[in-house]
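Asks: Under my numbering, read the sequence shown as residues 1 to 667, first letter to last.
Derived by calculation from the structure, the hints in this document are not laboratory data.
Since this is a predicted model, take the numbers as computed values, not measurements.
Among the hints, erroneous ones may be present.
To be verified - Computed Cβ-Cβ distance ranges for the label pairs, DEER-style:
| no. | residue 1 | residue 2 | range |
| --- | --- | --- | --- |
| 1 | G59 | K593 | 58 to 66 Å |
| 2 | A223 | R376 | 39 to 47 Å |
| 3 | D374 | F519 | 14 to 22 Å |
| 4 | A592 | K308 | 31 to 39 Å |
| 5 | A468 | A592 | 36 to 44 Å |
| 6 | E347 | E562 | 18 to 26 Å |
| 7 | E34 | R364 | 49 to 57 Å |
| 8 | G463 | I399 | 22 to 30 Å |
Claimed, not checked - Distance condition first, Cα-Cα at most 30 Å in a straight line; then the derived DSS-like pairs of lysine-lysine:
| no. | residue 1 | residue 2 |
| --- | --- | --- |
| 9 | K387 | K539 |
| 10 | K593 | K653 |
| 11 | K593 | K539 |
| 12 | K30 | K271 |
| 13 | K539 | K662 |
| 14 | K308 | K30 |
| 15 | K30 | K190 |
| 16 | K290 | K308 |
| 17 | K593 | K661 |
| 18 | K539 | K661 |
| 19 | K387 | K308 |
| 20 | K290 | K30 |
| 21 | K190 | K32 |
| 22 | K190 | K308 |
| 23 | K290 | K271 |
| 24 | K32 | K308 |
For each residue, glycine too, the CB sits at the ideal point set by N, CA and C.
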Amino acid sequence: MSAISNDLRIEIYRRMLRIRLFEETVVDLKGKAEIPGAAHLCIGHEATQVGACMAAGEGSFMTGSHRSHGHPIAKGAEIRPLMAELMARASGVCAGKGGSLHLADFSVGSLGESGIVGASIPVAVGAGLSSKLRHSGEVTLSFFGDAASNTGAFHEAVNMASIWNLPVVFVCENNGYGVSMLTANVMKVKDVADRAGAYGLPGVVVDGQDPIAVYEAVTEACARARAGDGPTLVDAKTYRFREHAEMLPVSEPYRPEEEVNDWIENRDPIKNFPRLLIEQGVLDESQIEKIVAEERRIVEDAVDFGRKSPRCEPSAAFDDLYCETPADRNAISTFAVDRPEPQTRREITYLQAINEAQHEELLRDESVIVFGEDVRCNLWGGTGFAKEFPEERVFDTPISEEGFVGAAVGAAMTGLRPVVDMTIASFLYVAMDPLVSQAAKSRYMFGGQATIPVTYRATMMYGTSVGAHHSDRPYPMFMNVPGLKIVTPASPFDAKGLIKAAIRDDNPVLVFEDIWLWFTPGHVPDEDYIVPLGVADIKRRGSDISLVAISSGVPAALQAAEELAEQGISAEVIDPRTLVPLDTETILTSVAKTGHLVVVDPAHGTCSAASEISAIVAEHGFGSLRAPIARVTTPDTQIPFAPEMETPLFPNKDRVVTAAKKVLAAR
Numbered sequence: 001m002s003a004i005s006n007d008l009r010i011e012i013y014r015r016m017l018r019i020r021l022f023e024e025t026v027v028d029l030k031g032k033a034e035i036p037g038a039a040h041l042c043i044g045h046e047a048t049q050v051g052a053c054m055a056a057g058e059g060s061f062m063t064g065s066h067r068s069h070g071h072p073i074a075k076g077a078e079i080r081p082l083m084a085e086l087m088a089r090a091s092g093v094c095a096g097k098g099g100s101l102h103l104a105d106f107s108v109g110s111l112g113e114s115g116i117v118g119a120s121i122p123v124a125v126g127a128g129l130s131s132k133l134r135h136s137g138e139v140t141l142s143f144f145g146d147a148a149s150n151t152g153a154f155h156e157a158v159n160m161a162s163i164w165n166l167p168v169v170f171v172c173e174n175n176g177y178g179v180s181m182l183t184a185n186v187m188k189v190k191d192v193a194d195r196a197g198a199y200g201l202p203g204v205v206v207d208g209q210d211p212i213a214v215y216e217a218v219t220e221a222c223a224r225a226r227a228g229d230g231p232t233l234v235d236a237k238t239y240r241f242r243e244h245a246e247m248l249p250v251s252e253p254y255r256p257e258e259e260v261n262d263w264i265e266n267r268d269p270i271k272n273f274p275r276l277l278i279e280q281g282v283l284d285e286s287q288i289e290k291i292v293a294e295e296r297r298i299v300e301d302a303v304d305f306g307r308k309s310p311r312c313e314p315s316a317a318f319d320d321l322y323c324e325t326p327a328d329r330n331a332i333s334t335f336a337v338d339r340p341e342p343q344t345r346r347e348i349t350y351l352q353a354i355n356e357a358q359h360e361e362l363l364r365d366e367s368v369i370v371f372g373e374d375v376r377c378n379l380w381g382g383t384g385f386a387k388e389f390p391e392e393r394v395f396d397t398p399i400s401e402e403g404f405v406g407a408a409v410g411a412a413m414t415g416l417r418p419v420v421d422m423t424i425a426s427f428l429y430v431a432m433d434p435l436v437s438q439a440a441k442s443r444y445m446f447g448g449q450a451t452i453p454v455t456y457r458a459t460m461m462y463g464t465s466v467g468a469h470h471s472d473r474p475y476p477m478f479m480n481v482p483g484l485k486i487v488t489p490a491s492p493f494d495a496k497g498l499i500k501a502a503i504r505d506d507n508p509v510l511v512f513e514d515i516w517l518w519f520t521p522g523h524v525p526d527e528d529y530i531v532p533l534g535v536a537d538i539k540r541r542g543s544d545i546s547l548v549a550i551s552s553g554v555p556a557a558l559q560a561a562e563e564l565a566e567q568g569i570s571a572e573v574i575d576p577r578t579l580v581p582l583d584t585e586t587i588l589t590s591v592a593k594t595g596h597l598v599v600v601d602p603a604h605g606t607c608s609a610a611s612e613i614s615a616i617v618a619e620h621g622f623g624s625l626r627a628p629i630a631r632v633t634t635p636d637t638q639i640p641f642a643p644e645m646e647t648p649l650f651p652n653k654d655r656v657v658t659a660a661k662k663v664l665a666a667r
């Protein structure tokens with residue numbers, strides 16, 4: 001008999017039983033159409049989930065998968081709001097926005113479950129990174145299924161956790177099947193634990209139907225993690241007793257009936273563990289019956305709570321998308337947004353301004369960290385300040401965009417303010433899932449429980465003959481992802497002020513920098529200042545035509561305005577600076593004055609920022625227009641290698657002048 005107290009054994013039994021009764025009730029409620037949507041049950045997995053969570057203890061974090069009900073219950077979450085969430089009620093733990101696939105309860109360290117296989121593993125690594133850098137002593141459990149061990153997210157995340165010695169315990173709930181595919185048919189190795197050796201960490205195989213065996217294995221892994229010795233991969237052999245998802249029709253059986261029956265009859269922890277407790281003299285039959293009755297009442301009470309809870313209001317669909325950043329965090333200490341004469345005048349480049357912004361925020365706030373590929377060697381000239389800080393504040397990552405972009409989400413959820421250098425904007429495509437499914441959606445899906453203050457810097461290449469794989473301007477794509485903020489600075493002043501504001505913001509922010517602007521000089525004050533997100537800047541005032549220009553389109557528009565002025569045409573140049581949120585008021589006010597609009601956007605024309613701005617003006621300012629709107633964008637073709645083909649594609653002064661004259665001639 002293991003040296004585990006009787007009270008702990010009883011609590012393990014209670015939590016396993018609570019999960020089982022909860023999920024059996026979910027089956028009943030789905031049959032009555034009281035629970036909408038998908039429900040992926042973990043019946044059969046209870047011993048693995050409870051054993052691991054009890055071993056990690058209260059001072060720990062946890063992430064999980066779409067088979068999500070058991071994890072927060074095993075972690076000690078109150079089940080009333082969990083049941084209400086599945087019943088799509090406003091009192092649900094995620095306010096009805098997450099449902100069965102995306103449960104989270106931050107009050108017990110449950111950082112959320114993911115409907116994307118493997119996606120929560122990098123988030124767990126980020127939480128482990130946060131714990132290590134904050135010296136908090138916390139451990140993070142990363143639950144995932146055997147199929148997730150075939151994803152890139154798994155391999156990138158495990159590698160990062162290993163090389164950084166992070167306090168993470170990877171717990172594979174290995175039930176032998178990925179939906180209907182036999183795990184043995186999609187892995188060359190025998191056990192998921194065998195994959196640990198490739199990353200230099202221990203791999204442990206454990207009976208996932210024995211909660212004590214899991215508890216002991218994870219206890220040892222947690223001790224190792226807290227001692228600074230890094231992560232462990234625990235391969236818990238378990239089994240799901242029901243289908244992949246409730247109400248999901250299975251046309252042909254993929255598991256032998258005798259196999260399923262054998263696990264249910266002989267390997268069910270809800271049957272076997274209480275028998276063991278009776279044999280060991282921990283409980284007797286009457287005490288077991290009392291516990292079953294008590295747990296059944298707890299689950300029945302949760303159902304009653306859910307039924308009596310109010311249904312979600314349609315208007316609540318707009319809540320929890322963005323976190324409101326406290327005003328004092330974005331306060332401007334000595335410099336105003338409308339740029340009066342600064343106390344000191346100096347000229348630095350756009351890139352130097354970016355450097356200063358990160359340097360000053362690192363000094364100002366110990367929770368700020370900067371990481372990415374090759375940031376310490378200053379390969380791209382964007383982190384010249386790196387050597388002034390220890391490697392735990394500014395550090396290099398492997399070439400693992402999906403892994404470190406997802407890790408930034410977990411780190412941001414747990415107390416840090418990461419600044420992630422993506423190097424080149426096209427690399428964002430590699431990290432689409434953690435950006436779109438995790439960074440943008442987690443706060444919303446979890447009903448406002450998560451705060452994700454992370455800044456992603458992405459450089460857009462131009463005139464460097466690097467070809468189509470490195471030359472995209474993908475910001476319009478991300479404008480269509482609610483939950484992200486999008487910034488496109490065009491001057492050194494704006495670059496510094498907007499990046500400082502982004503770092504202080506409590507939401508995920510993507511900052512797109514055009515490399516063509518990196519070495520352009522401009523006046524930047526010594527005084528501390530920010531440029532608030534969502535506030536456009538009128539770069540030049542005029543009365544005949546409005547030129548709304550984005551990123552490197554701004555200098556082209558300003559040059560065009562100069563030439564137009566020589567011809568007696570007064571052009572107003574507006575830089576939105578932030579595309580999400582967009583300052584529509586400034587744009588509409590300008591168009592109301594001039595009656596004419598040209599939008600200059602270096603991105604491709606179809607579904608561009610220029611398209612959105614044009615649509616907004618057409619919808620809300622049509623009465624002010626005296627001519628059709630014109631767009632000056634990059635044509636819808638890939639960016640070629642040869643300079644003679646590349647250079648003419650992007651907006652320039654001559655194209656803007658031509659467009660402006662055409663618009664004015666149409667009046």
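Asks: Of the hints given before, which are not true for this structure?
Replies: Numbers 2, 4, 9, 15, 19, 21 and 22, in rising order.
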